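Number of protein chains: 2
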Amino acid sequence: MKKIGILGGGQLGRMLLQAAANYPVETFVLENDEQCPAAHLCHHFTKGDIRAFDDVYHFGKGLDALTIEIESVNAEALEKLEAEGVKIYPKPSALRTIKDKVVQKQFYKNNQIPTSDFVITNSLAELNEQLHFLPAAHKLGMGGYDGKGVQLLRTNADLEKGFDAPAVLEKLVRIKKEISMIVAVSDKGDTALYPPVDMVFDNQLNLLDYQISPAQLPEKVLWKVEAVALKVVKDLKSPGIFAVELFVDIDDNVLVNETAPRVHNSGHHTIEANYSSQFDMLWRIMLGYPLGCTDHILPAAIVNLIGAEGYSGEAVYEGLNEILQIENVFVHIYGKKETRPGRKMGHVTVLSKEKQELIHQANRIKHSLVVKSN
Amino acid sequence: MKKIGILGGGQLGRMLLQAAANYPVETFVLENDEQCPAAHLCHHFTKGDIRAFDDVYHFGKGLDALTIEIESVNAEALEKLEAEGVKIYPKPSALRTIKDKVVQKQFYKNNQIPTSDFVITNSLAELNEQLHFLPAAHKLGMGGYDGKGVQLLRTNADLEKGFDAPAVLEKLVRIKKEISMIVAVSDKGDTALYPPVDMVFDNQLNLLDYQISPAQLPEKVLWKVEAVALKVVKDLKSPGIFAVELFVDIDDNVLVNETAPRVHNSGHHTIEANYSSQFDMLWRIMLGYPLGCTDHILPAAIVNLIGAEGYSGEAVYEGLNEILQIENVFVHIYGKKETRPGRKMGHVTVLSKEKQELIHQANRIKHSLVVKSN
Numbered sequence: 129m130k131k132i133g134i135l136g137g138g139q140l141g142r143m144l145l146q147a148a149a150n151y152p153v154e155t156f157v158l159e160n161d162e163q164c165p166a167a168h169l170c171h172h173f174t175k176g177d178i179r180a181f182d183d184v185y186h187f188g189k190g191l192d193a194l195t196i197e198i199e200s201v202n203a204e205a206l207e208k209l210e211a212e213g214v215k216i217y218p219k220p221s222a223l224r225t226i227k228d229k230v231v232q233k234q235f236y237k238n239n240q241i242p243t244s245d246f247v248i249t250n251s252l253a254e255l256n257e258q259l260h261f262l263p264a265a266h267k268l269g270m271g272g273y274d275g276k277g278v279q280l281l282r283t284n285a286d287l288e289k290g291f292d293a294p295a296v297l298e299k300l301v302r303i304k305k306e307i308s309m310i311v312a313v314s315d316k317g318d319t320a321l322y323p324p325v326d327m328v329f330d331n332q333l334n335l336l337d338y339q340i341s342p343a344q345l346p347e348k349v350l351w352k353v354e355a356v357a358l359k360v361v362k363d364l365k366s367p368g369i370f371a372v373e374l375f376v377d378i379d380d381n382v383l384v385n386e387t388a389p390r391v392h393n394s395g396h397h398t399i400e401a402n403y404s405s406q407f408d409m410l411w412r413i414m415l416g417y418p419l420g421c422t423d424h425i426l427p428a429a430i431v432n433l434i435g436a437e438g439y440s441g442e443a444v445y446e447g448l449n450e451i452l453q454i455e456n457v458f459v460h461i462y463g464k465k466e467t468r469p470g471r472k473m474g475h476v477t478v479l480s481k482e483k484q485e486l487i488h489q490a491n492r493i494k495h496s497l498v499v500k501s502n
Numbered sequence: 129m130k131k132i133g134i135l136g137g138g139q140l141g142r143m144l145l146q147a148a149a150n151y152p153v154e155t156f157v158l159e160n161d162e163q164c165p166a167a168h169l170c171h172h173f174t175k176g177d178i179r180a181f182d183d184v185y186h187f188g189k190g191l192d193a194l195t196i197e198i199e200s201v202n203a204e205a206l207e208k209l210e211a212e213g214v215k216i217y218p219k220p221s222a223l224r225t226i227k228d229k230v231v232q233k234q235f236y237k238n239n240q241i242p243t244s245d246f247v248i249t250n251s252l253a254e255l256n257e258q259l260h261f262l263p264a265a266h267k268l269g270m271g272g273y274d275g276k277g278v279q280l281l282r283t284n285a286d287l288e289k290g291f292d293a294p295a296v297l298e299k300l301v302r303i304k305k306e307i308s309m310i311v312a313v314s315d316k317g318d319t320a321l322y323p324p325v326d327m328v329f330d331n332q333l334n335l336l337d338y339q340i341s342p343a344q345l346p347e348k349v350l351w352k353v354e355a356v357a358l359k360v361v362k363d364l365k366s367p368g369i370f371a372v373e374l375f376v377d378i379d380d381n382v383l384v385n386e387t388a389p390r391v392h393n394s395g396h397h398t399i400e401a402n403y404s405s406q407f408d409m410l411w412r413i414m415l416g417y418p419l420g421c422t423d424h425i426l427p428a429a430i431v432n433l434i435g436a437e438g439y440s441g442e443a444v445y446e447g448l449n450e451i452l453q454i455e456n457v458f459v460h461i462y463g464k465k466e467t468r469p470g471r472k473m474g475h476v477t478v479l480s481k482e483k484q485e486l487i488h489q490a491n492r493i494k495h496s497l498v499v500k501s502n
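The listed protein sequences correspond, in order, to chains A and B.
To convert, count from 1 in the first sequence and add 128; that's our numbering.
To convert, count from 1 in the second sequence and add 128; that's our numbering.
Accuracy of the hints is not assured; some may be wrong.
Same chains, same names: a pair is fine if it fits in one copy or spans any two.
Unchecked claim - Calculated lysine-lysine pairs in the DSS-like style (CA-CA distance at most 25 Å, straight line): (1) Lys316 x Lys494; (2) Lys215 x Lys465; (3) Lys299 x Lys289; (4) Lys500 x Lys130; (5) Lys465 x Lys131.
Keep in mind the hints are simulated off the structure, nothing from the lab.
All values derive from a computational prediction rather than experimental measurement.
Please model the complete structure; the sequences and the hints are all you need to start from.
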């Protein structure tokens with residue numbers, strides 16, 4: 129059996145390991161938190177820091193392949209492991225392109241991949257020279273995740289919220305829709321595209337409300353979305369799973385927002401809704417099997433379960449029984465002992481042929497199921 | 129989080145633990161083989177004998193609930209644990225009724241549940257007095273599993289194959305179909321029936337060829353099947369998952385063959401084909417959640433992957449790549465290191481609206497995918 133490791137032991141690792149149990153593979157996880165969601169689902173757990181060269185190198189040495197759950201891993205160790213014959217998904221070169229948002233944005237520009245206009249700022253002083261560029265999003269080059277490391281700068285008064293470090297200042301796009309495309313790339317370079325996902329935001333709070341797949345797009349826009357997402361992964365020149373997030377602007381231009389070189393929140397519905405889930409697909413890639421079928425079995429919606437404001441401590445899932453009574457609903461709770469405001473604690477998938485039913489149940493779930501603490 | 133244990137660590141435990149990772153639950157497995165398919169997927173693995181009183185009692189003490197993967201567990205220990213407040217799925221009383229085939233058969237008779245005619249034989253000498261009862265199946269009371277402990281006695285010459293121990297001699301039924309019904313029973317006694325499964329046998333070798341769900345049955349026969357299966361679980365008076373195997377004879381009579389008080393091979397397609405799988409359903413029952421929806425998302429076929437004759441040793445899955453290229457196919461390999469002739473090594477599920485497509489792919493899988501050894 130092949131030995132395959134995962135850097136990070138959160139919910140993505142957890143769902144990867146649920147899928148791994150369909151195949152002959154020996155699994156390894158590196159993570160500092162021994163109580164993490166994935167710790168008990170692998171064959172071999174190693175306590176260690178995914179950002180530390182030695183921890184990653186010693187963990188990966190002797191494995192057949194490695195993948196990641198998060199971009200903030202030690203890329204130098206992965207490069208050394210790759211040079212010594214360990215297969216890395218994604219390749220460290222692709223990871224380096226993506227993990228620094230400055231490099232990522234320049235990669236889009238250099239490869240003529242459509243993306244919003246931007247300037248690089250290395251300090252607050254440099255940012256202050258770009259007043260004419262507002263309104264814009266300021267994105268920290270390294271270290272941002274889950275909404276951290278991004279500031280919306282609408283007026284001059286917002287400038288103090290900017291980053292005094294290398295960052296990208298991106299012109300705000302007049303967005304009609306936000307779309308995510310999950311793309312699979314095999315070792316041979318074969319690709320498979322999942323149907324696009326419509327990421328529906330609450331306009332007032334700028335929170336992701338729910339995701340619907342497949343996204344409703346005019347055919348010509350769908351073609352652009354697919355072409356742009358394919359170009360991103362082709363230019364990254366790496367096998368693996370990629371989530372390409374895109375904007376469709378009010379003129380139906382398609383612009384890449386950012387790319388994640390790994391399984392992604394916007395693909396969780398594929399567990400139930402598609403023949404081969406994004407997790408199944410990554411194992412197929414790493415084990416050298418044929419790519420799976422990305423077709424829908426049924427259309428789906430996802431609602432994320434986020435720790436409610438004002439609650440920290442042992443998690444309690446209020447409203448869970450009500451939601452589990454809905455026939456076409458699938459609950460995924462990540463088994464994190466402690467909730468905190470904004471922490472991703474689980475997700476719920478709805479399957480239905482009817483878009484109105486998906487939206488109706490997504491809203492019901494959002495209002496009924498709340499993660500609090502004792 | 130509730131603490132829930134499984135007696136046995138084979139493929140049923142493995143699939144239970146894959147499903148457990150959707151819920152907040154701390155999992156435990158008792159099994160002698162530390163390399164078993166479920167060992168690495170639980171929070172806490174205990175090496176021990178599921179048939180030994182002390183091992184089962186110490187394992188279960190302090191847990192909230194226990195379930196089983198196989199009937200041949202120590203029932204005395206489960207009775208003591210139940211008396212001390214541990215919830216057991218199924219209840220030890222139901223397990224005792226089922227695990228001895230003599231008692232099981234008498235239970236059907238005492239409860240007016242239709243079943244084939246039978247006599248009890250306690251020895252070969254007693255068997256020899258029942259020549260007029262042939263052709264019949266002779267089933268060992270205790271200790272039979274997976275086809276072991278069953279002999280077909282067609283003529284007097286077969287009598288020497290019978291068991292010199294307490295056993296049931298069952299008159300052969302003129303079978304039109306074999307059906308399996310998975311039934312869920314909650315703590316409160318609520319029940320949910322899965323669609324019936326058609327168990328299709330190879331008439332020449334008497335091997336299970338594949339399973340199709342839902343079974344094609346005239347409405348009146350379906351009603352009988354459902355009524356008989358429900359009566360079995362109601363009379364067993366226990367929460368849990370039950371697989372009721374039934375014969376439909378050439379006159380459309382419905383007779384119970386036997387019942388398993390646990391998740392079952394004939395329900396594996398529910399992982400992909402039904403909203404709530406049999407594994408998901410058992411966690412819902414044990415965690416006190418509402419019962420899930422047993423409806424099909426799509427009809428399904430299952431093919432079991434059995435170790436090929438003539439091969440023992442480290443397993444090799446010949447033809448796997450070809451099968452993984454089929455769009456509507458889901459492969460489950462149980463991760464057993466060693467194959468042996470007849471050993472259950474995995475199963476493959478096919479989903480399709482078209483019954484002909486299910487049968488076509490099931491046959492293709494049976495002929496293309498072979499478990500050999502190095």
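In ascending order, which of the hints set out earlier in this document are inconsistent with the structure? 1
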